[in-house]
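**Student:** Residues per chain, in single letters:
Number of protein chains: 2
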Amino acid sequence: MAEQITKRSTSYSDWYVDIVLRAQLADYSPVKGSMVIRPRGYALWERMQQALDRMFKETGHSNAYFPLLIPESFLKKEAEHVEGFAPELAVVTHGGGQELEEPLVIRPTSETIIWSMYKKWIQSYRDLPLLINQWANVVRWEKRTRLFLRSTEFLWQEGHTAHETEQEARDETLQMLDVYKRFAEEYMAMPVRTGVKTESEKFAGAVDTYAIEALMQDRRALQAGTSHFLGQNFAKAFDVQYQTREGSLEYVWATSWGVSTRLIGALIMAHSDDSGLVIPPRLAPTEVVLIPIFRNKTKEAVLEAARTLARELRQEFRLELDTDENSSPGWKFAEWEMRGVPIRVELGPRDLENNQVTLVRRDTGEKESVSITAVAGRIRSLLEEIQKNLFDRALAFREENTHRPETWEDMKALFNGTGSDDQAAPGGFALVPWDGDPATEALVKEETKATIRVLPFGNEEEARGKTCVISGKPARHMAVFAKSY
Amino acid sequence: MAEQITKRSTSYSDWYVDIVLRAQLADYSPVKGSMVIRPRGYALWERMQQALDRMFKETGHSNAYFPLLIPESFLKKEAEHVEGFAPELAVVTHGGGQELEEPLVIRPTSETIIWSMYKKWIQSYRDLPLLINQWANVVRWEKRTRLFLRSTEFLWQEGHTAHETEQEARDETLQMLDVYKRFAEEYMAMPVRTGVKTESEKFAGAVDTYAIEALMQDRRALQAGTSHFLGQNFAKAFDVQYQTREGSLEYVWATSWGVSTRLIGALIMAHSDDSGLVIPPRLAPTEVVLIPIFRNKTKEAVLEAARTLARELRQEFRLELDTDENSSPGWKFAEWEMRGVPIRVELGPRDLENNQVTLVRRDTGEKESVSITAVAGRIRSLLEEIQKNLFDRALAFREENTHRPETWEDMKALFNGTGSDDQAAPGGFALVPWDGDPATEALVKEETKATIRVLPFGNEEEARGKTCVISGKPARHMAVFAKSY
Numbered sequence: 206m207a208e209q210i211t212k213r214s215t216s217y218s219d220w221y222v223d224i225v226l227r228a229q230l231a232d233y234s235p236v237k238g239s240m241v242i243r244p245r246g247y248a249l250w251e252r253m254q255q256a257l258d259r260m261f262k263e264t265g266h267s268n269a270y271f272p273l274l275i276p277e278s279f280l281k282k283e284a285e286h287v288e289g290f291a292p293e294l295a296v297v298t299h300g301g302g303q304e305l306e307e308p309l310v311i312r313p314t315s316e317t318i319i320w321s322m323y324k325k326w327i328q329s330y331r332d333l334p335l336l337i338n339q340w341a342n343v344v345r346w347e348k349r350t351r352l353f354l355r356s357t358e359f360l361w362q363e364g365h366t367a368h369e370t371e372q373e374a375r376d377e378t379l380q381m382l383d384v385y386k387r388f389a390e391e392y393m394a395m396p397v398r399t400g401v402k403t404e405s406e407k408f409a410g411a412v413d414t415y416a417i418e419a420l421m422q423d424r425r426a427l428q429a430g431t432s433h434f435l436g437q438n439f440a441k442a443f444d445v446q447y448q449t450r451e452g453s454l455e456y457v458w459a460t461s462w463g464v465s466t467r468l469i470g471a472l473i474m475a476h477s478d479d480s481g482l483v484i485p486p487r488l489a490p491t492e493v494v495l496i497p498i499f500r501n502k503t504k505e506a507v508l509e510a511a512r513t514l515a516r517e518l519r520q521e522f523r524l525e526l527d528t529d530e531n532s533s534p535g536w537k538f539a540e541w542e543m544r545g546v547p548i549r550v551e552l553g554p555r556d557l558e559n560n561q562v563t564l565v566r567r568d569t570g571e572k573e574s575v576s577i578t579a580v581a582g583r584i585r586s587l588l589e590e591i592q593k594n595l596f597d598r599a600l601a602f603r604e605e606n607t608h609r610p611e612t613w614e615d616m617k618a619l620f621n622g623t624g625s626d627d628q629a630a631p632g633g634f635a636l637v638p639w640d641g642d643p644a645t646e647a648l649v650k651e652e653t654k655a656t657i658r659v660l661p662f663g664n665e666e667e668a669r670g671k672t673c674v675i676s677g678k679p680a681r682h683m684a685v686f687a688k689s690y
Numbered sequence: 206m207a208e209q210i211t212k213r214s215t216s217y218s219d220w221y222v223d224i225v226l227r228a229q230l231a232d233y234s235p236v237k238g239s240m241v242i243r244p245r246g247y248a249l250w251e252r253m254q255q256a257l258d259r260m261f262k263e264t265g266h267s268n269a270y271f272p273l274l275i276p277e278s279f280l281k282k283e284a285e286h287v288e289g290f291a292p293e294l295a296v297v298t299h300g301g302g303q304e305l306e307e308p309l310v311i312r313p314t315s316e317t318i319i320w321s322m323y324k325k326w327i328q329s330y331r332d333l334p335l336l337i338n339q340w341a342n343v344v345r346w347e348k349r350t351r352l353f354l355r356s357t358e359f360l361w362q363e364g365h366t367a368h369e370t371e372q373e374a375r376d377e378t379l380q381m382l383d384v385y386k387r388f389a390e391e392y393m394a395m396p397v398r399t400g401v402k403t404e405s406e407k408f409a410g411a412v413d414t415y416a417i418e419a420l421m422q423d424r425r426a427l428q429a430g431t432s433h434f435l436g437q438n439f440a441k442a443f444d445v446q447y448q449t450r451e452g453s454l455e456y457v458w459a460t461s462w463g464v465s466t467r468l469i470g471a472l473i474m475a476h477s478d479d480s481g482l483v484i485p486p487r488l489a490p491t492e493v494v495l496i497p498i499f500r501n502k503t504k505e506a507v508l509e510a511a512r513t514l515a516r517e518l519r520q521e522f523r524l525e526l527d528t529d530e531n532s533s534p535g536w537k538f539a540e541w542e543m544r545g546v547p548i549r550v551e552l553g554p555r556d557l558e559n560n561q562v563t564l565v566r567r568d569t570g571e572k573e574s575v576s577i578t579a580v581a582g583r584i585r586s587l588l589e590e591i592q593k594n595l596f597d598r599a600l601a602f603r604e605e606n607t608h609r610p611e612t613w614e615d616m617k618a619l620f621n622g623t624g625s626d627d628q629a630a631p632g633g634f635a636l637v638p639w640d641g642d643p644a645t646e647a648l649v650k651e652e653t654k655a656t657i658r659v660l661p662f663g664n665e666e667e668a669r670g671k672t673c674v675i676s677g678k679p680a681r682h683m684a685v686f687a688k689s690y
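Residue numbers (my numbering), protein chains in the order written: chain A, 206 to 690; chain E, 206 to 690.
Honestly, the hints are just simulated from the structure, not real lab data.
Any copy, or any two copies together, can satisfy a pair, since identical chains are not distinguished.
Heads up, simulated EDC-like pairs for lysine to aspartate or glutamate below, C-alpha to C-alpha not over 16 Å straight-line: (1) Lys324 with Asp232; (2) Lys237 with Glu277; (3) Lys617 with Glu652; (4) Lys325 with Asp232; (5) Lys348 with Glu306; (6) Lys572 with Glu551; (7) Lys572 with Asp556; (8) Lys237 with Glu307.
Only chain A is shown next, with the shape it has when bound in the complex:
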């Protein structure tokens, strides 16, 4: 048997780390806070990249690459931006054996270096919109790190766009939020809540930050992607003006948006179970594993049939054939379950006699026998069923864990539990009327550790006439509170 992992009911965080390490998605590195993404983890990231990159290109964006190192003075040009990022910077002071005249910071995000270039590239409305994305590594000096969820260095994409008008930039911001929502739901099978962040939670330098927020199985929220309307903040900081269609000069309007390797952490926590990783078919580097089962007498016939079937199925599916003779079938079943492959195909001597195979779903464990001639068609439909089931299951879980507490006492009980262990009661989402006062928001955070994840679209209308659950004052917004990663 494969080595056991911690059960979710014992410790959700140990379970998470066990999966990351045992499924060989990532490993700790000798550099504090930095992780190594191993081939099985990186293959997942590659599939995410491919899908996202296609969506970015379909919406008119091109990729480019900007420098890793940014003059320290650039960050200081936007006041909120430097205040937000200064505590997290890694600083290069020496290069080529000499002390640098001006220290360089490793990009924690690239607005400043990119807008210093947009200054060169944008003169007229003819140069707009400028729709650029970058796939890159960034470094943020984090004190407490967790594999994939929070690490000193991570991989991400960052879109940076420039527009003629406020409306166009706002439309772009929401368009990219929608791309993220579609990616999360259609590829990751992970339902997300969307909306705008409050002042205290927004990106340092943004006018408005929008986010997609998912619910993990331990009922904590996870911010899975953000899209920022930057107004003219960076255009003013870097003096990027353009000649309008009417001939006047105006500052350019901006957006930025990003998702990172954190999505791999989200994927794990949204779907996996006590047997290991569960990957939605559309993102699975391997969709099907074929395991021939034989003894000495039947070996040749079973292996030959397995190879023939594998050759055929590979024309349509990403398939691995596991013919390793050093491991037992039982060990292999557990191992491929750990790795999250959506469908296992078993082919043994009795299957061979009956001209059939056994299919096993990773998501439910259900088994079925299928005639060899029908297997490709059944795998095709099963992959779709699994993709859909994972989404439906996650959505049902989220709905069960979305609450509308009617009093501040109920809300505190939701997030703090009734006992002393707040790990036991992360509480899920609380959708409540809020008075809009940062002091109220701060009180909730202090007393429950829950924060406002988003103010959903249409929240102001919905809040009209309602009373803030926390303060009892008239509500201005409906707010989604949760404890989060």
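Please build the complex by placing chain E on the supplied structure of chain A, with the hints as guidance.
**Tutor:** Positioned in the frame of chain A, the structure of chain E alone reads:
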């Protein structure tokens, strides 16, 4: 008319920079020595990546990602490695507002951080071979930089493999050299010489370094990729031993190999001309540009026909349709030539009447009329012809510029010219018998600036009985000398 660029005959290096900037492949950044890769340049890199990545995967490699920052002490574990890279390091001394206990260097290459992980992952022969590649950015503090060719930060891939036996590692080293040669010749249409580097030119930490070397139009060589047999150097430095099939413990054998965004520089200098960039079809982000030509009276009919044709051709080709009405056809022709698109399709009112289009090749400028019904087929064959012609042309140029000087005086004249301007006579390749003495190699470098690019495969047999052209002593190798980038 589009702005002119410097002619190659006026200044090859100005011509090169003009193309990079005018074709919007890259731009200077505010950080000294770092460049920005613009969308048109990055699209080229993406196509290179796709082809290489497929070749790496076909030969059994997986991608992974290792940390950007490496403890300074790691580099010191391999004596030659640190000696080679120490002068080029960028050093992070502060993180999160505090001075670090141990400085971290930004990876100039990742052998050390990767082998520190291989130590954790490799215990037994069952863990071998380990075949990993990484797509990443690296930083080397260069004093003199040139766009794409030499920059402080660049993008590359680095393969790092671990093997049971010396033979297996040596086979891998040569296999990857062959992958690079095939990529250079089949995709970049750039013929390359292969062979092993001398001691003075090899990678710091390698036992043997192999390289592909191309000849640029100014008759300088360019090292376009390297594949290193690392012996057990890094396994010993990081104490990576494995249990053999026989049960004993042995150090692992290693290779590493890489190509970088430098290839974009090579591509430009191998094929482009005084009208701008020339891109081989297999790497062209846009294979075909369709330019409708019309006046007010014919506008509607021509545009409609162009749109119909574009829709059809896009099913098979990467095509751009240029309907911009602010630029004249002549300006557009020049602009798309500058950008290096292999085929231009012109569609004017007379073409429309005759139910034909005009095709123009970027490589030769030849024009032909083709009936609309035959255009897809003709484009298909023309793309192949252009790909082949670019290779043949570059190969003929290289052969014309490969010399076998018979005396040291002839060899000096080849590289120094007869006048005072050595820029005027970079000389091409000189293939000569060499005595194998580093002092002789150093003398050539001092007197001509030419270095040994490679010792070709089979060079020792070929040198037998010959006399070193430089020293007059018995030759031990045939060596390929050239001035280089």
